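We have chain A; now place chain B with the ligands onto it with these hints.
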Amino acid sequence: MHQWPFSWLTTVDVSRDGWRAEALFWYTTLLCVIAFALVTFALVYSSWKYRARPGVKALYTHGTDRKSFAVTGILAALVFVTIDMNLVRVSQADVKEYTYNWPVSPDTVRIEVMPQQWAWNIRYAGPDGVFNTADDVVTLNEMRVPVGRPVMLNLKAKDVIHSFYIPNFRLKQDANPGYVTRTWFQALQPGNFEIACSQMCGWAHYKMKGDLIVEPEADFERWMKEAEGDAKRRFDPADREQLWGWEWVQ
Amino acid sequence: MGDATMSKPVPVRHLHVGPEFHAEQHIHPEPTSFLSRYVFSKDHKVIAKQFLWYGLFFLVMGGVMAMMIRWQIAFPGTAFPVLGQLLWPQSGGVMPPQSYAAFFTMHGTLMIFFAITPILIGAFGNLLIPLMIGARDMAFPTLNLMSFWTNVLAGLCMIVSFFVPMGPAAGGWQSYPTLSTLVGSPGHGQTLWILGIFLTGSASIMGAVNYITTVVRLRAPGMGYFQMPLSVWGIWLTAILNALFVPVLAAGVLLLFLDRVFGSHFFLAGASITKGGGDPVLYQHLFWIFGHPEVYILILPAWGIVSDLLSFFSRKPAFGYKATALSMSVITLLSMVVYGHHMFVVGMSPLLSQGFMTLTMLISIPSAVFFLNWLGTMWRGSIRFATPMLFSLGVVFVFGLGGLTGLHLGAISSDIYLHDSYFVIGHFHLTMAASVLLGAFAAIYFWFPKMFGKMMNETLGKWHFWLTIIPITIVFCGMLVVGYAGMQRRLYNYEAYEFLKHLHPINVWITRAALLLGASQFLFVGNFLSSLISGKKAAENPWEVGTLEWTIPSPPPHHNYDEIPVVLHGPHEFNNPAVTGKDWLAQDEPIGDEPVALGAVGN
Ligand code: HEM
Ligand SMILES: [Cu+2]
Ligand SMILES: [Cu+2]
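Line order of the protein sequences matches chains A and B.
0 is the number of the first residue of the first sequence in numbering that gives the first Met the number 0; add one for each residue after it.
0 is the number of the first residue of the second sequence in numbering that gives the first Met the number 0; add one for each residue after it.
Read the hints as simulated data drawn from the structure, not as lab findings.
Everything numeric in this text was worked out from a predicted model, so none of it was measured.
The beta carbon of each residue, even a glycine, is placed where N, CA and C say it ideally should be.
Treat the hints loosely; a few may be bogus.
Derived lysine-lysine pairs resembling DSSO-like cross-links, with alpha carbons at most 27 Å apart [stated by the list, open to error]:
hint, chain 1, residue 1, chain 2, residue 2
1, A, Lys48, B, Lys461
2, B, Lys536, B, Lys41
3, A, Lys157, A, Lys208
4, B, Lys536, B, Lys453
5, B, Lys535, B, Lys581
6, B, Lys321, A, Lys66
7, A, Lys56, B, Lys321
8, A, Lys56, B, Lys581
9, B, Lys44, B, Lys535
10, B, Lys461, B, Lys48
11, B, Lys44, B, Lys453
12, B, Lys500, A, Lys208
13, A, Lys231, A, Lys157
14, B, Lys500, A, Lys206
15, A, Lys48, B, Lys581
16, B, Lys535, B, Lys461
17, A, Lys56, B, Lys461
Beta-carbon label-pair distances, calculated as ranges [said to hold, decoys possible]:
hint, chain 1, residue 1, chain 2, residue 2, range
18, A, Val43, B, Leu82, 37 to 43 Å
19, A, Asp64, B, His558, 39 to 45 Å
20, A, Leu37, B, His501, 29 to 35 Å
21, A, Leu242, B, Pro185, 27 to 33 Å
22, B, Pro504, A, Trp47, 32 to 38 Å
So that you can see chain A by itself, here it is in the shape it has in the complex (with noise of 0.2 Å):
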């Protein structure tokens, strides 16, 4: 909706808070172009206006009178107020009900991301609600998550940093070896989206694909009940590196 006429350009937008980058980014861009117009404006009119002819003298001044100091000190003035101080605000509402504010409600998706170079560990705490256990749901470059309900990851990279990327969701947030990173999004409709790596991570950094399946709450929890059986099933307790999960960081 925001970047009409140039939706054409980019990914839809799918989620609950994806507008908010877009609106920031294309009001900073409306005040961009028209402090550029008018700098381009300025530019080419004294050019034009100024250039050297015979028989015209330059005007003789510093600029340090009373007057050119006013002119100055208020544009720079009037710059920073209306264009900084309205980006700073808007982001901080942005950061304050979105970016930083974290899920809380019981129904919540809790998933953890291990990136690896180069495919994406995806983990689901399973029945028991706890991570790292037996009953876990693994999947490999594959992330399903229903419509509608907010979804948290807890991210940690295996060996190198990697950046998950969802474009239609407007959403980075970089996976480092060592601490668990946080974000969270909610997808407003279903559909099959990409996952992409946003942080070079070695020389296959650009086909480390995932996808992002978008369900139905039914389709997923149907999904989710068999994933559980076959978790189980295909569980090996002497098999230590499956358990590369870890405790979940609200």
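Leaving out everything else, chain B with the ligands in the frame of chain A:
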């Protein structure tokens, strides 16, 4: 003091001659052997030329690599003409993904540390500081020599790294661990990269100490800080930032070196180690504490130069000179406290992120001040559109674009979408690649006569300008567009992603413009070389300006000034009504028979 020049009868002027002007500057005899004259020279003018050649060499190398990167993006699976076959015969001339990673890494590294830095800071810092402040040489000529040759060693490390097994560094110009540790980059390429950065960093620190001291100690009598040309201001502030922040980078890469070579764990964590882990993000803090000031390290000399050239070619005193100098200083200070805006998505504390965002936005105020002063300088001027002026106007134009797009990245919620995308690539190329490159061209066209005693060809220069500014704008604005569309940086083949496939036409056009940009640089190379050989002989002051370097022959004698000049005016006294017969006034030229008293302290 420049402002005090008036047409009325003037009382005796007591020049400020503080203790700083008493540093003695002997005239040393010119060295006679080839080695001491051209190779291991201590003459700042010779070292300036060495840095210029050195920087231009790496500019060509980095530039060709940029063309090959763009080629791969637009025409994947096809061979880059000629060079492709030479470099990758086994794949039929097609660049493999490993080389792509190595090339964007080395392109960034070479351009920043080995092309732009040597040209603007090494060459023009060296050339301009002593000449413009009326000194015979740098404060520490031997340190100057060491700085250049340390840089040569650094450059060698980088070049050698192309020939080691597994190739050069390929983890991005920031070389974030753990990718840049043995976990992600075995082989000697990355280690050589660290050595090269450490060495060039050491060279920068040597240069910085020298520049700072020279400006503080060797200004000619009468040359107060606010009589200095703005070029010197820019270079001096850059030197201060270099002295303060390059050591931080050096510390970061040194720890990385220890991790790679001696098995320490400063930056290692995750599955690759069993216990005693470090923190890879610590490196990012160190890197950006340096990295943000680095942007200003690159741009400040260009700002200073442009501020001077706009005045010179508008034939008007620089508008709000002091305000410009002070706002550059304020930006220098602010650049120390905003680095966190590079790290909004690493999982930093929300409070820190928000603090960094607000501090970042403050930069708009001083930026707005000197932008307005630039426009004010042109206002009611009498503008001569010589090539250096065209390039200066180009800097104002592209820096306007680059500076403004920084706002998108400075605000957290839009940055989360744009971080690590082509939007960032477009933004920083506009600010520190395009504008600094155009600034470097402006400087070269302008000071070439003083450096080499020959004029460059104006017609070729103007063609070069237009065939540079148009494609450069298309290239980097095109990158802003695909970046907004969501395309990540550092992708060997973006068409691996469905959501990026439709960007193909735009990417092809960016590449076409980039190739045109590359091709039009031959105009510059041709002009530069032919002028060097057979250019028209340059007069002492071909541009008719008043800064001190134009009061001595082109090129200047070994010791610059037979007699240290006595500075009476600011650097931009154009169309001063008290002056008749010409529209400029040299900084050391008395108006009429204005009496001057030397030796008094203060004024
Ligand atoms: C003027 C022609 C130039 C062109 C066409 C160009 C193009 C590019 C391209 C295509 C990339 C790779 C983006 C990616 O795949 O992520 C890149 C990266 C980069 N460029 Fe340039 N560039 C140019 C000049 C410069 C200059 C003068 C500088 C120095 C200030 C510079 C600094 C960088 C840096 C630091 C990177 C990032 C490397 C990395 O991702 O590690 N470029 N450039
Ligand atoms: Cu990755
Ligand atoms: Cu920065």
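Evaluate the given range 27 to 33 Å for the C-beta pair formed by leucine 242(A) and proline 185(B). At roughly 28 Å between Cβ atoms, proline 185(B) and leucine 242(A) fall inside 27 to 33 Å, so the hint holds.
Is lysine 535(B) within 27 Å of lysine 581(B), Cα to Cα? 23 Å, holds
When you check the alpha-carbon spacing of lysine 231(A) and lysine 157(A), does it fall within 27 Å? 24 Å, holds
Are aspartate 64(A) and histidine 558(B) spaced within 39 to 45 Å by their CB atoms? 41 Å, holds
Between lysine 461(B) and lysine 48(B), does the CA-CA distance stay at or below 27 Å? At roughly 24 Å apart (the allowed maximum being 27 Å), lysine 48(B) and lysine 461(B) satisfy the hint.
Are the Cα positions of lysine 44(B) and lysine 453(B) separated by 27 Å at most? 15 Å, holds
Please verify whether lysine 500(B) and lysine 206(A) have alpha carbons no more than 27 Å apart. Holds - the C-alpha atoms of lysine 206(A) and lysine 500(B) are around 14 Å apart, at most 27 Å.
Just to be careful, I want the Cα atoms of lysine 56(A) and lysine 321(B) compared with a cutoff of 27 Å; is the pair within it? 24 Å, holds
Starting from lysine 48(A), check that the Cα of lysine 581(B) is at most 27 Å away, please. 22 Å, holds
For the pair supplied as a hint, lysine 536(B) and lysine 41(B), confirm whether the alpha-carbon distance does not exceed 27 Å. 26 Å, holds
Lysine 48(A) and lysine 461(B) were given as a pair; does the straight-line alpha-carbon distance stay at or below 27 Å? Within the cut-off at roughly 20 Å; holds.
Between the alpha carbons of lysine 321(B) and lysine 66(A), is the straight-line distance 27 Å or under? 15 Å, holds
Comparing the model with each earlier hint shows no violations; every hint is respected.
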